[in-house]
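Residue numbers for the sequence shown follow our numbering, beginning at 106 and rising by one.
In case anyone wonders, no lab produced these hints; they're calculated from the structure.
Here are the simulated distance ranges between beta carbons: (1) D256 x T126: 41 to 51 Å; (2) A218 x R118: 42 to 52 Å; (3) R118 x A224: 44 to 54 Å.
Cβ atoms here follow ideal geometry from the backbone N, Cα and C, with glycine treated the same way.
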Amino acid sequence: ATDDSAPLEAVAREAGVGIGTLYRHFPTREALVEAVYSAELDAVVDSAPALLAELPPQAALRAWMDRYGAFFAAKRGMSDTLRAGWASGSIATPATRERITAAIATVLAAGAAAGTLRADVEAEEVTLMLLGVFLSTTAVNAPDRTGRLLDLVVDALRP
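With the hints as constraints, model all of the structure from the sequences given.
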């Protein structure tokens, strides 16, 4: 269940656990969302080196952006709960942003070394561009608009 209105009983049933087990591990909806958010973000961040092992740096960057965009889009239905987590600092902490930026830096460095991505762009700048893309697209105009904007970001990163 990925929206704010899903009863926790339904979440427990879908996960194959009892409601008591769910509450023991996640006493609040926010705690559950924080755990899911963190695990899913780990998968996105950790995929950068694997993508670089499979693809040229420029293609790896674009594939990683797609994964990050899908992660971001999947969170739209949880906006109220995420907002509470952001306000409390339990979700999207500075450490979270640093991890995202580090993943981008890994791919940018490989691209700069290969001569396929600009060496004068900082990973933090790309992080900000991606946030702009993901925050400006909506369910109505995504994914076509998101894909087009990500293509423009990659084009801007070419030497």
